[in-house]
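Sequences and hints are given; from them, build the entire structure.
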Amino acid sequence: MKTSVFLGALTVAGIVAGGAAAATMDEVKARGKLNCGVTTGLVGFAAPDSNGNWEGFDVDVCRAVAAAVLGDPQAVEFVPTTGKTRFTALASGEIDMLARNTTWTFSRDVDLKFTFVGVNYYDGQGFMVPKDLGVSSATELDGATVCIQTGTTTELNLADYFRSNNISYEPVPIETNAEAQQQYLAGACDVYTTDASGLAATRATFEAPGDHVLLPEIVSKEPLGPLVRHGDNEWGDVVRWTLNALITAEELGVTSANIADMSAAPGNNPEINRLLGTEGTLGEMLGLSADWAKNAIAAGGNYGEVFEKNIGEATPIGLSRGLNAQWTDGGLLYSPPFR
Amino acid sequence: MSDTQSHNVAFVRETFLPESAPPSTATGPVKWIKDNLFATWANGLLTVAALYLIFLVLSSTMPWIFAGIWNAESLAACREVLDGVSGACFAVLTERWNQLLFGFTYPTDQYWRPTLAFVLLFVAMAPVLFFDLPRKLLIFTGLYPFLAFWLIWGGTILAPLLALAGVVVGYLVYDRLVKNSFAAGFFGGIVAAFVVWYIGGFLISDTANENAMLQAVPSRDLGGFMLNMMLGITCVSLSVPLGIALALGRQSNLPLIKGICVVFIEFIRGVPLITLLFVANVMLAYFFPPGSGVDLFIRVVIMITIFSAAYIAEVIRGGLAALPKGQYEAGDSLGLDYAQSMRLIILPQALKISIPGIVNIAVGLFKDTTLVSVISMFDIVGMIRGPILASTDWNGVYWELFMFASVLFFVVCYGISQYSQWLERRLATDHR
Amino acid sequence: MTTLTDPPKQGSFQPMMLLNDTRYRSITFQVIALILLILAIWFLGSNLATNLAAAGLNISYDFLGNPAGYDINQTLIPYTSQSTNLQAAFVGILNTLLVAFLACITATVFGVLAGVLRLSKNWLVSKVMSVYVEIFRNIPVLIWILIIFTIMTASMPTAKSYLGETPDNGLIAGLFAFTNRGVNAPAPIWGEGSMVVVAVFIASIIGIFAYRKYAKKLLFDTGRLLPTGWPTLAILILPTLIAFFVMGQPIGLDAPDPLANRFNLRGGIQIGAPLIAIWFALSIYTGAFIAENVRAGIQAVSKGQTEAAAALGLRPGRIMNLVVLPQALRVIIPPLISQYLNITKNSSLAILVGYADITATLGGITLNQTGRAIECVLLLMLFYLVISLTISAFMNVYNNRMKLKER
Chain A
1 MKTSVFLGAL
11 TVAGIVAGGA
21 AAATMDEVKA
31 RGKLNCGVTT
41 GLVGFAAPDS
51 NGNWEGFDVD
61 VCRAVAAAVL
71 GDPQAVEFVP
81 TTGKTRFTAL
91 ASGEIDMLAR
101 NTTWTFSRDV
111 DLKFTFVGVN
121 YYDGQGFMVP
131 KDLGVSSATE
141 LDGATVCIQT
151 GTTTELNLAD
161 YFRSNNISYE
171 PVPIETNAEA
181 QQQYLAGACD
191 VYTTDASGLA
201 ATRATFEAPG
211 DHVLLPEIVS
221 KEPLGPLVRH
231 GDNEWGDVVR
241 WTLNALITAE
251 ELGVTSANIA
261 DMSAAPGNNP
271 EINRLLGTEG
281 TLGEMLGLSA
291 DWAKNAIAAG
301 GNYGEVFEKN
311 IGEATPIGLS
321 RGLNAQWTDG
331 GLLYSPPFR
Chain B
1001 MSDTQSHNVA
1011 FVRETFLPES
1021 APPSTATGPV
1031 KWIKDNLFAT
1041 WANGLLTVAA
1051 LYLIFLVLSS
1061 TMPWIFAGIW
1071 NAESLAACRE
1081 VLDGVSGACF
1091 AVLTERWNQL
1101 LFGFTYPTDQ
1111 YWRPTLAFVL
1121 LFVAMAPVLF
1131 FDLPRKLLIF
1141 TGLYPFLAFW
1151 LIWGGTILAP
1161 LLALAGVVVG
1171 YLVYDRLVKN
1181 SFAAGFFGGI
1191 VAAFVVWYIG
1201 GFLISDTANE
1211 NAMLQAVPSR
1221 DLGGFMLNMM
1231 LGITCVSLSV
1241 PLGIALALGR
1251 QSNLPLIKGI
1261 CVVFIEFIRG
1271 VPLITLLFVA
1281 NVMLAYFFPP
1291 GSGVDLFIRV
1301 VIMITIFSAA
1311 YIAEVIRGGL
1321 AALPKGQYEA
1331 GDSLGLDYAQ
1341 SMRLIILPQA
1351 LKISIPGIVN
1361 IAVGLFKDTT
1371 LVSVISMFDI
1381 VGMIRGPILA
1391 STDWNGVYWE
1401 LFMFASVLFF
1411 VVCYGISQYS
1421 QWLERRLATD
1431 HR
Chain C
2001 MTTLTDPPKQ
2011 GSFQPMMLLN
2021 DTRYRSITFQ
2031 VIALILLILA
2041 IWFLGSNLAT
2051 NLAAAGLNIS
2061 YDFLGNPAGY
2071 DINQTLIPYT
2081 SQSTNLQAAF
2091 VGILNTLLVA
2101 FLACITATVF
2111 GVLAGVLRLS
2121 KNWLVSKVMS
2131 VYVEIFRNIP
2141 VLIWILIIFT
2151 IMTASMPTAK
2161 SYLGETPDNG
2171 LIAGLFAFTN
2181 RGVNAPAPIW
2191 GEGSMVVVAV
2201 FIASIIGIFA
2211 YRKYAKKLLF
2221 DTGRLLPTGW
2231 PTLAILILPT
2241 LIAFFVMGQP
2251 IGLDAPDPLA
2261 NRFNLRGGIQ
2271 IGAPLIAIWF
2281 ALSIYTGAFI
2291 AENVRAGIQA
2301 VSKGQTEAAA
2311 ALGLRPGRIM
2321 NLVVLPQALR
2331 VIIPPLISQY
2341 LNITKNSSLA
2351 ILVGYADITA
2361 TLGGITLNQT
2371 GRAIECVLLL
2381 MLFYLVISLT
2391 ISAFMNVYNN
2401 RMKLKER
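Protein chains in written order, with this note's numbering: chain A, 1 to 339; chain B, 1001 to 1432; chain C, 2001 to 2407.
Each hint should be verified, as a subset may be incorrect.
What the hints assert, rightly or not - Keeping only pairs whose Cα atoms sit at most 35 Å apart, straight-line, the calculated DSBU-like set for lysine-lysine is:
#, chain 1, residue 1, chain 2, residue 2
1, C, K2303, B, K1034
2, C, K2345, B, K1034
3, B, K1031, C, K2303
4, B, K1031, C, K2121
5, B, K1258, C, K2345
6, B, K1352, C, K2121
7, C, K2345, A, K113
8, A, K221, A, K113
9, C, K2127, C, K2345
10, C, K2213, C, K2303
11, B, K1352, C, K2127
12, C, K2127, B, K1034
13, B, K1325, C, K2303
14, B, K1258, B, K1352
15, C, K2303, B, K1352
16, A, K309, A, K131
17, A, K221, C, K2160
18, B, K1352, B, K1325
19, C, K2216, C, K2121
20, A, K29, A, K131
21, C, K2127, B, K1031
22, A, K309, A, K33
23, C, K2160, A, K131
24, B, K1136, B, K1352
25, C, K2217, C, K2303
26, B, K1325, B, K1258
27, B, K1352, C, K2345
28, B, K1179, B, K1325
These are calculated hints, taken from the structure and not from any lab test. From a predicted model like this one, the values you see are computed outputs, not experimental measurements.
The following block contains the structure:
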């Protein structure tokens, strides 16, 4: 009856303030669904398709966590949040985790009391300009009108960058990506700035993507990652290690294609065995079943598969791995060992 | 006499000549045009200006609309068909029709439920809107909220039945106690209803929803124009009683109650709805018991309801103030107590005066439900600005979508205001 | 003489008397209300405390003193990204007041025009105005704002078309440029002696009032009617013009320069497109409502008044000015002021077009960046409340003044 609006309202009237909130994992298990906060729509990261199914890079992280905890990657309730509401939604318990390309910053971690469990995408803020403007570097942008998508750290990075380079600009803050794009294409701003991944995703939807260039400057570090509330470390561990499981799986060559065979017939690699639960008791330590990581990886594939499926070079968004390659390939992805 | 006359006068017309037609400049369309369009020089200039304006608007929109494409997969496909001709791409409406009306997460095979609820809405509203219809229909109106709830949200039928049972029990208790005193009846009824709901809550098992006749739909999955309609109807119908209570409270001579009502009304009326929605979205969650998880829909309904209640209270207060003092004194002199005189004498008249104002507020409120798109709810504007414009297929289709939303709102709001004018004429019992 | 109610028996107090006895009932109800109120506040407060403690948060307004860190495109007071959040909020407050003020003026103009024209004898014009009023009244302001912003962005020329040696668009009169980024207008350059010109201008405005007062006095005393129209214009323009040339044209114009920057016109005054969009949208939307008020006000003046005035031999213009309008204004002004309130409140939607009003600064970027949702929303509500109550207070003063004149 929990979803019933009527009884929900009654609960409000009836229940007196109880003790501290129950552990998130118990709540999720009792509910049978994971409430996962995502964006209101950013193609490639989290957006509903024409049938209303959410898909994207962040969405697959949510699905992996749901698969690890509940064994069912579909047992996710996606809660669209705006830049304004995401933190309250998480702090007030409306959502269990936030996977909304949110930048890991000091103040969000320390002041707002959120735990970033890791980084699922290393991003940075970039600039997009029309090719015929003839601009080849962000330092040439003196006096330009800049469209900013609000609600991220974008405004602050932009102000910092232009101030430190001592150049002036006219900021035009815009709420949604679609509207910013409209402004940019109509020439109401010279430059569109947001995370480089977002720029690539946006450019991919243009009629003539070739007419626009991304400037070489990346003016900020934007480690984007899923986050949970402070104070519930068990739940934080679950989300953290689910993400790590996806990354480790890619490193170890475990894919959604071969995972069934690998777990059915354990090989000689002890770390793979520990990861897939055929050896050791890692799942039990987390309070999950032994095959938690297997479920998580089977949900959407390992990190590399998720990347390629949603934002990789074969997709319209066409992002290369870059910083998001495994450490063995010169990237920054480095999962702690499963041991 | 006639004889002499016939001799003296050379010619007498015996019959009237048929009236000759007025000159062509003083009759028919020419006269009408002269009187109504070119009465004076200034008027003529205005007419020309207006004609030019109409021409501008029509010449820029009509070709675009008539060249519209109704069948295409995406904007790119649309542009291909149009082949450089300026034309609308209405295909987005046909392709995303269901999303615009129902949001993107409502189960596709269940669309008949809100549609049915919408059709039944007219049946339920009819006896309220038109007094000539048989009064028995009001029974259906009373049942409608529970039926609509069940249709839209689905799940077990026990929940709305329980709600209904609570209301019925509450009414019975009220009916019984009201003979003693209105206050006892009123509060007794409320308490009885809550007792029924509380006890009933234990009777419905937690798993009742899983094998229910209608698939349960969480309120997060509501969207599109349906969400606007639901918010509008729910909040208006909830806020009328609340507004009456606030208005009476504000007119009351109990200083404390009056104070509370004044502060409440002035506070709500002093802030924009958008800040109240921010409260619903980012603050209200902190004010509920931990873990109660009241969903966003309810929080928004609460805030919009108190918002419109404050405005309706002011309208009704106007109605109360407009009643001649004699009406109040008449009630007192008949020996009626406060509750009786309000119920039997004052409120029926005051509400009648207030109806146009209340309808105005309702129209305004219905339009304001679009503001929920700012707080990440996917009403029709939210659907347009969010999933549809963000999708790769329809990125860049603005006019068609905004036009569609505008037409929907215009039809509903214009309809309501026309009804209100009809009602005003109907209720005008004074002869001016 | 008997009364219907028995006199209450002294000394025998029964609990039911608390509900039924009119002497105690009001107190009972108030006590119940007070208890309920306290319970509600306690319930909400304790929940808040519990929830905040559980999340490890606190209520603190310290963030207001920290640097805001973001830039704002249109500011009335000096502001940089190093200014504090509080200063950002002030920028927002001033921007809100600015757009509300501008929109109130233009909405009144639109509304009065449309309201009067709707009563026009010209069939076509009155129909066009009805269509305007109905279309704008029945479609949400949010949709209008989005539509108007989109129209402006899509239909105005780009700033680029004004730039360079051989621009596609020349500046209008060499001074103005209308782009989809806003309007560029020339700014005055105050040279030496310009203060004299300004002083003369102010003096001539005072002169106009003096002249009008004198004309009125003359009319009342002797019945002689002095013309007011062209002398007003003459007094307004001539002395200033003379002063301007006598002082050697001290005030120059700083026209927008198409060559100074490769992205934007530089120089002069720039009014950003977001401001214009929200300003225009609010004006034309609210104008439709004001038109209805104006129409109702004029129609509320009974026909006999017009006829009586006509019988006295007044000309139509004077009938309007001296008889109809003063009476109609009484009906028009109270709803007009609540429309002004609505404009102020609806200006919070400026966030949709990227205009930096208080909702966009304090309730937008500051809230996003600091995550201090409760504090920001509370401050935001407080601001709007103060504005609304101030306007309401003016309205009450006005209403009371009007009331006194009633006979």
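task: Sort out which numbered hints this structure fails and list those numbers smallest first.
output: 2, 20
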